[in-house]
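J.: Read top to bottom, the protein sequences are chains U and F. Counting along the first sequence from 1, when you hit position 73 you're at 206 in the numbering used here, and nothing is skipped either side. Counting along the second sequence from 1, when you hit position 22 you're at 54 in the numbering used here, and nothing is skipped either side.
The reader is advised that the hints may include incorrect statements.
In silico lysine-lysine, DSS-like type, Cα no more than 27 Å apart, as pairs [claimed, not checked]:
#1 K56/F / K145/U
#2 K84/F / K301/U
#3 K301/U / K199/U
#4 K84/F / K145/U
#5 K137/U / K199/U
#6 K63/F / K301/U
#7 K296/U / K63/F
#8 K301/U / K94/F
#9 K52/F / K301/U
#10 K301/U / K166/U
#11 K63/F / K145/U
#12 K56/F / K336/U
#13 K145/U / K53/F
Output of the computed footprint for chain F on chain U, the stretches with three or more beta carbons under 8 Å from beta carbons of chain F [stated by the list, open to error]:
#14 278 to 289
#15 308 to 316
Just so you know, these hints were derived from the structure itself, not from any lab. Think of the CB as a built atom: it goes at the ideal place given N, C-alpha and C, for glycine as much as any other residue.
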Amino acid sequence: MEGKIIVVTSGKGGVGKTTATACIGAAMAMQGKQVVVIDMDIGLRNLDVVMGLENRIVFNIVDVVKGRCKIKQAAIKDRRIDNLFLIPASQSDNKDSLTPEDIIRLSKSLRGRFDYIFMDCPAGIERGFENAVAAADEALVVCTPEVSSIRDADRIIGLLYAKSITPKLIVNRIVPEMVARGDMLSHEDVVEVLSIDLIGLVKMDDKVVVATNTGLPLVLQKDSEAGNAFHRIAQRLNGQPNLPIENSDNGKGFWRSLGRKLRRRN
Amino acid sequence: MFKDLFGNFFGRQGSREVAKKRLKFALVYDKLEVSDDLLNDLQRDVVEVISKYFEVDTSAMKLDIKRSDDLSALVLNTPILSAKRR
Ligand SMILES: Nc1ncnc2c1ncn2[C@@H]1O[C@H](COP(=O)(O)OP(=O)(O)OP(=O)(O)O)[C@@H](O)[C@H]1O
Ligand SMILES: [Mg+2]
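In isolation and in its complexed conformation, chain F is listed as follows:
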């Protein structure tokens, strides 16, 4: 990827195309960033919904954003104590 960037940079294409590629990448990446506040609010709401169906250990619950090169995933881990009879 870096070879690509520098190849363009020194090649005929000019820095304009490099700028555009970097920008697009930066904007997508910026929008994947999630604030702690938002994550905490989400966890509170998720607990509320799950608790309607399951007895869960809320203290052991963990909500996280997992990032890899090409995607971001929301990962929820929660021990279930029991299902609620309805």
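If we strip away everything but chain U, and leave its shape as in the complex, we get:
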């Protein structure tokens, strides 16, 4: 087994990296892959609460790197979704407790044990970012349709290119009504400005907040639009790159008809 390491990053904080990591990781595991999601936000861990696994933490990623425990001991198994594991961040250390070399060393055993390894990157471009991307084969850049988020995404994309990684873009927290009335950048706008490949579009969805409140996986809720969008991203990553990004049986091709509407207006 030779697993793939995918970093989820953004530059700007609070755009949905942790949400995306939890959801795509879970969706990927539901496709039968062995998945581990790793919280690289040392000192500010959150992936555990978003996944509802916070009360099962014994060891963390810093323990693993420092040799205080085995990967197997630190990886918490999700009891609701088969094949899904979480390695939490340490809450008491800081980002300098790890080095990119540590992560590269660890990556060999991770690759041998899992099909997909998702790294939840902290905000910023400093050590935490360097650690999270150190061993990455691929990168998902998350941004929202806002000026500051897109500008930061552009900076991150530049840094990833410098590391010979060609990232793919997720536009999160889209409000279609605002796009339609011309008060929010559309995903076409975002793609045009950043000129990178899109892998997913996720709408603003109250169910994301509810899922985080309860710790129940969003991707297990069939009627969540955001949850379905994350399922599609996982499918596109996992051998179905040509699956349409927009879900056409949902609201009679809502996205497509929105696109048409906009084109007519311009």
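Mind docking chain F with the ligands on chain U? Use the hints.
T.: Below, chain F with the ligands without anything else, positioned relative to chain U:
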């Protein structure tokens, strides 16, 4: 230009177009920014190349980025002491 921005902002067009214009401008502008480290490395390399052909006063050499509204230029100023005979 500001009239343009606000004209759009309050007009029918919505803030989306304004956002797009501002973004494009910001991204181009961001990429013109050059760090001191990069400039120092460049100066060191340039000195090395020029020294193959000219005797130059390296202490008086100055490498700078000059910015105006529509373009950025790399400006190198160096006193030549003599040309090297080859
Ligand atoms: N599609 C969405 N719809 C509604 N709310 C969302 C959506 N995506 C994310 N959120 C909310 O936005 C907030 C920030 O999300 P999240 O914690 O995933 O961002 P982050 O990029 O990991 O932040 P940080 O940089 O602090 O690590 C959370 O409250 C989350 O519930
Ligand atoms: Mg986060």
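J.: Each hint: holds or not?
T.: These are the hints, each one checked on the structure:
1. K56/F / K145/U: Holds, at roughly 18 Å.
2. K84/F / K301/U: violated, 45 Å
3. K301/U / K199/U: violated, 32 Å
4. K84/F / K145/U: violated, 46 Å
5. K137/U / K199/U: Distance ~23 Å between K137/U and K199/U Cα, so the pair holds.
6. K63/F / K301/U: holds, 21 Å
7. K296/U / K63/F: Roughly 18 Å between the alpha carbons, so the hint for K296/U and K63/F holds.
8. K301/U / K94/F: violated, 41 Å
9. K52/F / K301/U: holds, 20 Å
10. K301/U / K166/U: Given pair K301/U, K166/U holds - Cα atoms ~21 Å apart, limit 27 Å.
11. K63/F / K145/U: holds, 18 Å
12. K56/F / K336/U: holds, 24 Å
13. K145/U / K53/F: holds, 20 Å
14. 278 to 289: Result for this restraint: holds, n = 6.
15. 308 to 316: holds (count 4)
Checked against the numbered hints above, the structure breaks hints 2, 3, 4 and 8 and satisfies the rest.
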